[in-house]
Amino acid sequence: MKIKRIGVVAIALAAAGALTLSGCTSGDTGATDESGSSTAIITTNGSEPQNPLIPTNTNEVGGGKILDSIFAGLIFYDADGAPVNDMAESIETEDAQHYTIKIKADQTFSNGEPVTANSFVDAWNYGAALDNAQLSSYFFESIEGFSYDVNVPELPGLVVVDDLTFEVTLSQPESDFPLRLGYSAFFPLPESAWEDLEAFGENPIGNGPYMLDGEGAWKHNEKIDLVVNPDYQGPRQPANGGLDIIFYATQDASYADLQGGNVDVVDQIPPSALGTYEDEFGDRSVNQAAAIFQSFTIPARLPHFSGEEGELRRAAISKAINREEITDVIFEGAATATHDFTSPVIDGYSEEIPGSDVLDFDADAAKDLWAQADAIAPWTGTFQIGYNADGGHQAWVDAVANQLKNNLGIEASGNPFPTFAEFRTSVTDRAIQTPFRSGWQADYPALFNFLGPIYGTGAGSNDGDYSNPEFDTLLTEGLAETEIDAANEKFQQAQEILFKDLPAIPLWYRTVNGAWSEQVENVQYGWNSVPLYYQITKSE
Amino acid sequence: MAGYIVRRLLQVIPVLLGTTFLIYFMVFAMPGDPVVGLFGDKTPPPAVVEELRARYNLDKPFIVQYLLFLGNILRGDLGVSFSGQPVADILAQTFPVTLRLAMLSVFFLMVAGISVGLVSGLRKGGIFDASALVVSLMLISVPIFVVGFVAQYVFAIQLGWFRPTVGFGAPWSELVLPALVLATGSFAQIVRLTRSSVIETEGQDFVRTAASKGLSRRRIVPVHILRNSLIPVVTYLAVDFGVLMVGAVITEGIFNVPGVGRTVYQAIIRGENPTVVAFVTIMVLIYLVVNLLIDLFYAVLDPRIRYAK
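Protein sequences, first through last, are from chains L and D. Here the first sequence is numbered in numbering that gives the first Met the number 0, starting from 0 and rising by one per residue. Here the second sequence is numbered in numbering that gives the first Met the number 0, starting from 0 and rising by one per residue.
Calculated directly from the structure, the hints in this document are not laboratory data. Note that CB positions come from ideal geometry on N, CA and C, so glycine has one too. There is no bait here: all hints are sound.
Here are the simulated EDC-like cross-link-like pairs (lysine to aspartate or glutamate), alpha carbons at most 20 Å apart as the crow flies:
(1) L:Lys499 x L:Glu488
(2) L:Lys218 x D:Asp88
(3) L:Lys366 x L:Asp500
(4) L:Lys499 x L:Asp356
(5) D:Lys59 x L:Asp428
(6) D:Lys59 x L:Asp130
(7) L:Lys499 x L:Glu350
(8) L:Lys218 x L:Asp243
(9) L:Lys499 x L:Glu308
(10) L:Lys222 x D:Asp88
(11) L:Lys499 x L:Asp363
(12) L:Lys404 x L:Asp361
Estimated spans, in silico, between C-beta atoms of each pair:
(13) L:Val158 x D:Leu16: 50 to 60 Å
(14) D:Ile268 x L:Gly332: 20 to 30 Å
(15) L:Ala198 x D:Tyr152: 41 to 51 Å
(16) L:Gly332 x D:Val238: 39 to 49 Å
(17) L:Thr472 x D:Val63: 45 to 55 Å
(18) D:Leu292 x L:Ala78: 57 to 67 Å
(19) D:Ala91 x L:Gly380: 47 to 57 Å
(20) L:Asp367 x D:Val149: 50 to 60 Å
Given these sequences and hints, build the entire structure.
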């Protein structure tokens, strides 16, 4: 008797669930044209921003996605990663060191405040000042007067000329400076932001294609609702009515919602579905290279890895790794083998850089090189690769270790750290005594961004303490060029040196894996793997 | 009775002090600098790290950090997360959600677990008993994330009866599926506990007395057998309620429930001391209160139990 009653309860509850479901999805059915309704709201996946939504203090994808939608910088990057003027009327320089930036007239923030030269200069000064400890402060490093030692409230390198013009002076020529200006750290802030920046971070007011759907549109840990900003006049005109970014704790949850029709566009596919999602979604899926370069770094301070012996061993290790096999088997195509130190989605990328054949798998050559190194000084010990165990790296680290074991005949294994924070602390403190996994997600689409910050002598993220004066010179020369092609040529020459020295062993570029529902069209993923939301149309 | 409650409530103070200290120490002792972790694979400038460490008191010795934290708590300030959100707000948003999830789950457990256990106990050795044994054995041996993913795939994606994930505001109706999944973990225990307790009670003198007095089976089963069998079950449910609140990490992850499990997990990963300790403190409080309520409830179930002053 009891059992039956329980059955009835379960069915009733299930029915209640189904009712709510249908109630939720019927939504607004205003326009019924085929090409898509300009008022339909696109839903997409995201993650809870780790910081208040202040452009200079947001350095992760979750918050960055929102900022890119609600703010407009001087430029933005189109689907190919090419810079297009957004707020900027012009960005001019004659020596790659002094820039004159003019802003388009009559641009406003969504509260009606005008976008002026001061909107940029004040925001940049705030982001650069040491006392404010902004996570993206290093972006202002190259502006004259920047310091990590003393607090500089106003950079002498930033001068407001008039309402719509300001001048930027760098401490040295850097030709790719304009390319950086589409990154969120360089977004402008309205005057009202300075009254209470903390409150502003909770309800930011921007000048981008979208704006928050009223106060409290950021529902922490759940979602953020964006609607079209009618005041935005830039080139990223939204073809839809808004954007609901749902925060997911796991990729599996967002994928389940995509399958269940509760989310329109996702830019993450969980590992469990990588093998099947392209069959399931067909031409509504994407698998393309991203601006994410992965490698493992071998610090020169480790025994056996400096001088001629080190060079031979590094080349041997690189040749002993079958990158294609690992990207196919372990990543199921969510990564593609490297051919350089940057990424295929960056202007200036080349697969023809001399010396890049060191990335080709050749077990015999590898063994031979290793034997030559042994002739200089015999190898002892185990080759270990440090990684954080909480980031899904174990499978490929083990695979690489196995290949080294088989192809070089040495002991090799992974060296796991339980958490990301512990791993990174060990790396930045130089406490780690083994090679370690390293990766770089570009901040802006330029070759230099993959080279200078990681391998330049004394550079911020040069965790392997690599130093080669020749390499540094080529970078400096490249930065001094005002023509981007000439600059890229220098950066490619610089990579030739990297292929010889191999401060890090290039492994693969990650890919963006995404899919979308039948209701949406015109889905394109940008150079930074984030869909260009403003283009997406939705039928209803 | 009142004296008993007051004494029990006073016990809460040392328990809370002890647990917060322990938790704070454990998060503190976690290796790695949480501030460095904020910068991803990029290496932060040392000056910026120092500035941030000072801001979150991470540069001070452990005991100073703990006392500062305790002082703030006494002033009603639970601190802010790295994202600048007051921890009190995060608590206010996530606890009700997990509380609802756990309550719904306990409700399913009580209805399904106790009824199945009762019938099994009354018809010991029968077909129903045997199949209940098999089913509960299956449920207990399959890990909860498998149950979760299968339930999500079958009932939400394929059949479309539920939303695959829990939507904004986590309404009761959308919590049904995650609550059912969460309940499967303890279902077997409840069934077996009820079953053996029922069997034991059935053999007791007072049940035989009741039967020989000529009372109908309809009256004996609920009033004499079930009521007296429930004490161990209720105790288990109380303990389990705490476990459900804490252990919802997996279920909340699968169904994207914006609750406690998910938040605490992320806070631990990020080394956000104030958030973790505040959450655990509240969990301990809930645990203590639920246990007190259960102890008081015993008297209702079994009039022989009386609380001396």
